[in-house]
Amino acid sequence: MQQIPKSRRQQGSPANTGRVLELPVHKSDTALVSELLSGRDQARTAFFDRYGDEIERLLYRVLGPDQEIEDLLQDVFVAAFGSIKSLKKPDALRSWLRGIAVRKARKCILRRQRWRFIRFLPGSDLPEQEARVIPLEVSEALKATYTVLGKMQTDERVAFALRYIDGMELTEVAVACGVSLSTIKRRLYRAQRCFRQLASEHDVLVEWLDLVEGKP
Amino acid sequence: MNDLNRLGRRIADEQDAVRARETSGRFRVRERLASLPAPSARSTRYKLWVAAAGVSIAATMTFALWARFIDTEPLRAMIGSSQKRAAEGDWIEAPRVESLPVRFSNGTSIDMAPRSRARLLELGSKGAHVLIESGRVDVKVVRRPDAGLKLSVGPFRIRVTGTRFNVRWNPDLDEFKLELAEGNLEVSGCVFGQGYRMKAGQRVYASCKSGRFDMMEGGRRGGEEIAMQESVDANAASKPQASLPEASRPAIKRKGRGPARQVFTSAQRRALTWRKLAEQGSYVQAFMSAEAAGFESQCAQANATELWMLADAAHFAGAAKKEAHALILLRNRFPKTSLAALAAYSLGRLEFDNRGSYGKSARWFEVYLEEQPGGSLSREARGRLIEAISRAGDVARARALAAEYLRDYPSGPHAELAKNLLETAEP
Chain A
1 MQQIPKSRRQ
11 QGSPANTGRV
21 LELPVHKSDT
31 ALVSELLSGR
41 DQARTAFFDR
51 YGDEIERLLY
61 RVLGPDQEIE
71 DLLQDVFVAA
81 FGSIKSLKKP
91 DALRSWLRGI
101 AVRKARKCIL
111 RRQRWRFIRF
121 LPGSDLPEQE
131 ARVIPLEVSE
141 ALKATYTVLG
151 KMQTDERVAF
161 ALRYIDGMEL
171 TEVAVACGVS
181 LSTIKRRLYR
191 AQRCFRQLAS
201 EHDVLVEWLD
211 LVEGKP
Chain B
1001 MNDLNRLGRR
1011 IADEQDAVRA
1021 RETSGRFRVR
1031 ERLASLPAPS
1041 ARSTRYKLWV
1051 AAAGVSIAAT
1061 MTFALWARFI
1071 DTEPLRAMIG
1081 SSQKRAAEGD
1091 WIEAPRVESL
1101 PVRFSNGTSI
1111 DMAPRSRARL
1121 LELGSKGAHV
1131 LIESGRVDVK
1141 VVRRPDAGLK
1151 LSVGPFRIRV
1161 TGTRFNVRWN
1171 PDLDEFKLEL
1181 AEGNLEVSGC
1191 VFGQGYRMKA
1201 GQRVYASCKS
1211 GRFDMMEGGR
1221 RGGEEIAMQE
1231 SVDANAASKP
1241 QASLPEASRP
1251 AIKRKGRGPA
1261 RQVFTSAQRR
1271 ALTWRKLAEQ
1281 GSYVQAFMSA
1291 EAAGFESQCA
1301 QANATELWML
1311 ADAAHFAGAA
1321 KKEAHALILL
1331 RNRFPKTSLA
1341 ALAAYSLGRL
1351 EFDNRGSYGK
1361 SARWFEVYLE
1371 EQPGGSLSRE
1381 ARGRLIEAIS
1391 RAGDVARARA
1401 LAAEYLRDYP
1411 SGPHAELAKN
1421 LLETAEP
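Taken in sequence, the protein lines are chains A and B. Counting in this note's numbering, the final residue of the first sequence is number 216, and the numbers go up one at a time with none missing. Counting in this note's numbering, the final residue of the second sequence is number 1427, and the numbers go up one at a time with none missing.
Calculated from the structure, these hints are not laboratory results. A few of these clues could be false.
Rough simulated footprint, nothing fancy, chain B against chain A, three-plus residues with beta-carbon under 8 Å [said to hold, decoys possible]:
1. 65-71
2. 174-188
3. 196-210
With a Cα cut of at most 27 Å, we get these calculated DSS-like pairs of lysine-lysine [said to hold, decoys possible]:
4. A:Lys-89 with A:Lys-151
5. B:Lys-1419 with B:Lys-1209
6. A:Lys-107 with A:Lys-89
7. A:Lys-89 with B:Lys-1047
8. B:Lys-1209 with B:Lys-1177
9. A:Lys-107 with B:Lys-1047
10. B:Lys-1047 with A:Lys-88
11. A:Lys-143 with A:Lys-107
12. A:Lys-107 with A:Lys-151
13. B:Lys-1276 with B:Lys-1177
14. B:Lys-1150 with B:Lys-1199
15. B:Lys-1047 with A:Lys-85
Because the structure is a prediction, the values reported are computed rather than measured. Every residue, glycine too, gets a C-beta built ideally from N, C-alpha and C.
Build the full structure now, drawing on both the sequences and the hints.
What follows is the structure, encoded as structure tokens:
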């Protein structure tokens, strides 16, 4: 049940104050979508409260520790507010929003890759993490993982992160990436092989992986 | 769970730990989203659509203003080969021997036959209004929004947009003739009332005083002749007819139910020459051209209008016999038409003026009056009938007719003659 903020509960009844108070947004996604479509300000906040944490986590999984995550998080919800009319199935709100987040993250990675190309620097000389502020307490394994992911194809990187770091089911990964199940399986197979190959150069990752020849 | 899942779980746990300590960023996003105005939540694509719509509306309005500005420019009318510019209210008369073209800036053109008269009543941005006082004009109106043309022809009105036709108006005889070659038009006024729509290939003869008009179908000559020929067969011998050899009738073959296919022979090509001259008012030259091609053969192949034109050409050339031949042929082949009645009147005048055959003349005038009792020439026909019968020696009948004439037309052109007849009869 959606909780009413304490400050609002203290405002009293409409009859006493003479003001019109907005009712709390309903629990189901369908009701939330209808509230968003009606343009209620409270619906936007409720929408973020419901999915903000999940979307931020997804962006973390795909991009790693990154200073742009805050901006990307806002972009995802602004895009969702603007295109909520295109949502045909309100009960698919969650997967629809995750799809937006994946596309935003993918676009961010591609933008950085284009910028890297323009500077005529090989990709291996400019790992993404080097340009970002990484908390000191981040482990070597996490840094090495995203260094490897930064050298992979974007689509394979995204699929890998969703499947193995976020722990999504195959069908959820396929929906989030907007491709078929068989496509995501092939993509993940290629991603595994690529990740293992690149991870073999990092001792910290070798400890975690069964890098046996011929075993994917 | 394989090694990749284990590594991923390890990475995820570490990320979640970091996220748990750094919640300020998420709260900032929440505050910014809460403060967003509703319209700003719309997508960039929507804004682009709005911008594109705005640009297109602005372009449309600009074009409309431009078009309106262009439309406000009135038409220009150029007269003759010298391209002299005419103004509203100008009166125009074509020379006696050649036609006079009038060209409008919107593409419309009016070719005035010799001695035709017209007046430019209006030159607006949407078209022109021209009054045809007398004569014959060939009109070609281009199909454009600003190419409307209003023609006032005596008591008749013609409204056209995109068509080609010729119209002739004789105010003395109260004769209105219109032949529509292309497109559609609407003729109104007098016998046509509020409006009568004509289509390509139709021709109309109208008289306001007699209150009647004849509409003839068939833009194709062959089809018209067949229809007329069948009419001749059905109504043969109903009126006095001059002897005419059967062989002189046009031999028209047709296949099926459609009109006969028009195949021009060398004689027909020559016919086009004399017709063009006649349409230009050069009747003597037209007659000479028809004679060169064989007047009788041209008559045999001519339709009603062409026979009337051949008779006119012969009349102005002073060839009374040829004129009579054309008129008799016209009556035999196209009976019960207004042209046939007019031919009877002309034959009466011809017998009276050229041959002095007053008895025959009287008979032709009587035929005209029988066929068109309220026709445009009925007053003249009754007057000339009195004159012919009087000269033929039947004074008693002439006096009776004179009394009737004075009763109906006390100030008519033959009123003096009628009075004289009645006065001489009194003791």
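These are the hints, each one checked on the structure:
1. Taking a C-beta to C-beta cut-off of 8 Å, the region 65-71 of chain A contributes 3 residues in contact with chain B, enough for the three needed, and the coverage statement holds.
2. Coverage of a stretch by a chain is defined here by at least three residues with a beta carbon nearer than 8 Å to that chain's beta carbons; for the region 174-188 of chain A and chain B the count is 0, and the condition is violated.
3. With 4 residues bearing a CB less than 8 Å from a CB of chain B, the region 196-210 of chain A meets the requirement of three and the coverage assertion stands.
4. Of the pairs offered as hints, the one joining A:Lys-89 and A:Lys-151 is violated, with about 37 Å between alpha carbons and a cut-off of 27 Å exceeded.
5. Our distance criterion of 27 Å between C-alpha atoms is met by B:Lys-1419 and B:Lys-1209, whose separation comes to about 25 Å.
6. Note on A:Lys-107 and A:Lys-89: the hinted pairing holds, with a Cα-Cα distance of about 25 Å set against a maximum of 27 Å.
7. Annotation: proposed proximity of A:Lys-89 to B:Lys-1047 holds, straight-line Cα distance about 24 Å (limit 27 Å).
8. Taking the CA atoms of B:Lys-1209 and B:Lys-1177, the gap is about 14 Å. The hint holds against a cut of 27 Å.
9. Distance restraint check for A:Lys-107 and B:Lys-1047: the Cα-Cα separation of roughly 21 Å lies within the 27 Å cut-off, and the hinted pair is therefore satisfied.
10. Of the supplied pair hints, the one linking B:Lys-1047 and A:Lys-88 holds, its CA atoms being roughly 22 Å apart against a limit of 27 Å.
11. For the given pair, A:Lys-143 sits about 21 Å from A:Lys-107 by alpha-carbon distance, which is consistent with the 27 Å threshold.
12. Between the alpha carbons of A:Lys-107 and A:Lys-151 the distance comes to roughly 16 Å, so the proposed pair stays at or under 27 Å and holds.
13. With a C-alpha separation of about 17 Å, the suggested pair B:Lys-1276 and B:Lys-1177 falls inside the 27 Å cut-off, and the hint holds.
14. Using a Cα cut-off of 27 Å, the hinted pair B:Lys-1150 and B:Lys-1199 holds, with the two alpha carbons roughly 17 Å apart.
15. A distance of roughly 15 Å separates the Cα atoms of B:Lys-1047 and A:Lys-85; the hinted pair therefore holds under the 27 Å criterion.
Of the hints listed earlier, those the structure fails to meet are numbers 2, 4, in rising order.
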